[in-house]
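*Asks:* If you want the building blocks of each chain, they are given just below.
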Amino acid sequence: MYRITEEPLSADAVAQAVTVPEAGGVAVFLGVVRNNTAGRGVVALEYEAHVPMAEAKLKEIGEAVYGRWPGVRQVVILHRIGRLSVGEASVAIGVSAAHRQDAFEACQYAIDTVKRIVPIWKRELFEDGSAWVGLQGESPPPGWKAGDGR
Amino acid sequence: MYRITEEPLSADAVAQAVTVPEAGGVAVFLGVVRNNTAGRGVVALEYEAHVPMAEAKLKEIGEAVYGRWPGVRQVVILHRIGRLSVGEASVAIGVSAAHRQDAFEACQYAIDTVKRIVPIWKRELFEDGSAWVGLQGESPPPGWKAGDGR
Amino acid sequence: MRVPVALFARYREAVGRGRVEVEVAAGATVEDVWAALARAHPVLMPYRPHTLFAVGTDYVEADRPVRAGEEVACFPPVSGGGA
Amino acid sequence: MRVPVALFARYREAVGRGRVEVEVAAGATVEDVWAALARAHPVLMPYRPHTLFAVGTDYVEADRPVRAGEEVACFPPVSGGGA
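As they're listed, the protein sequences go chains B, H, G and A. Residue 146 in our numbering sits at position 146 of the first sequence, with consecutive numbering throughout. Residue 102 in our numbering sits at position 102 of the second sequence, with consecutive numbering throughout. Residue 19 in our numbering sits at position 19 of the third sequence, with consecutive numbering throughout. Residue 43 in our numbering sits at position 43 of the fourth sequence, with consecutive numbering throughout.
This is chain B alone, in the form it adopts within the complex (with noise of 0.2 Å):
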């Protein structure tokens, strides 16, 4: 199961979703909002997805995980789009298996490459103003106007 969703997410429902009777250890990530950002005080944040893409990439990242861990049984990767508040889950990751050092490895991987690849983006909303997160600027650098460049 592979799916950007608006609902809430619950640990209960990754893990029952990858409980089968051959698995001994189910490991859970959930990614929850902060409330800050380096000490800047985080409202709530906005996540956006190119949707079909992401689910792809979720399913990719899935098989990635049954290839690498073949003692693992069941890959769930859920990512939230919308607004979500301080406490909320952004992302729920289940893996389970066999022995659980396959289902640690497993979910950690998962959710290191969610943040590397899935075209999902966020933007955290302080009580003073907004910024999306990532590599560039909030805003085009300052002294840039229309009309520079190439």
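Please note that a few of the clues may not be correct.
On the chain B side, residues computed to face chain G include the following (Cβ under 7 Å) [unchecked claim]:
#1 His79
#2 Val91
#3 Glu127
#4 Ser130
It should be emphasised that the hints constitute simulated quantities derived from the structure, not laboratory data. This one's a predicted model, so the numbers in the text were calculated from it and none came from an experiment. Just so you know, even glycine gets a beta-carbon here, dropped at the ideal spot from N, CA and C.
Place chains H, G and A on chain B using the hints.
*Replies:* Frame of chain B, contents of chains H, G and A only:
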């Protein structure tokens, strides 16, 4: 929260218990009753604990986590005892941290240490019998009679 | 040929909508599509160094030719996933 | 002195109950308590090599003296935690 309980465990219960506004990552581990051990069909498990000592050891593990991973915000370790069916969780661990790496590492340390030091024992109930799990044989060694030994 | 372009995050906001079309010559590459996009919406120009491109559900390099009927997506580095 | 002994898992089953008492001399160690226990319940004897001991909520070594009023727990290697 460090508890030995006869009640069913859930991923949500531990995830919610460790979710705090300053934590961005929550790692959960569930140990689940498998339908087989080395290929022999398991019907259920029975867990027994030295309850006061087990709860003291769970607390020691939680305190060791806070000491080793200063980024960890909350730790919850619950272990169920009594009779559990296939697919039910015997142990549920939740760890929250500002950053996910700490949450994963600490959660893994916690379950590894639970298995090593907490006085809990399990017996596997098969379709055709039962056996305590552990280093010692299922019963006194073959040929042994009362009066042998010292 | 006319090529639909999908924009996300700050690119979408800068342009004011998430989908535009640009006109490029047959045989144009993704880079040519970007150039046409940036000419029509110069606010995007400074973003080029970190821009990612996709066609369909796959990332593509800027030198990939665009075929008729394909949509090109342009977006900033991703930032999903939480902590 | 009389020392209460708590038994768990296969030890409890082998003896038929989870709590017994043994009589040992003042100054006796945990090992002495085990010896008295095994004399009363020889079925336990072969388990000695892997036996763990605790007093209160802490593991103890076999050479630890037992004080009046303390309970000694004897049990096999632990096996909690699931997969």
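*Asks:* Does each hint fit the structure? Answer for all of them.
*Replies:* Here is how each hint holds up against the structure:
{"no.": "1", "hint": "His79", "in the structure": "holds (6 Å)"}
{"no.": "2", "hint": "Val91", "in the structure": "holds (5 Å)"}
{"no.": "3", "hint": "Glu127", "in the structure": "violated (20 Å)"}
{"no.": "4", "hint": "Ser130", "in the structure": "violated (10 Å)"}
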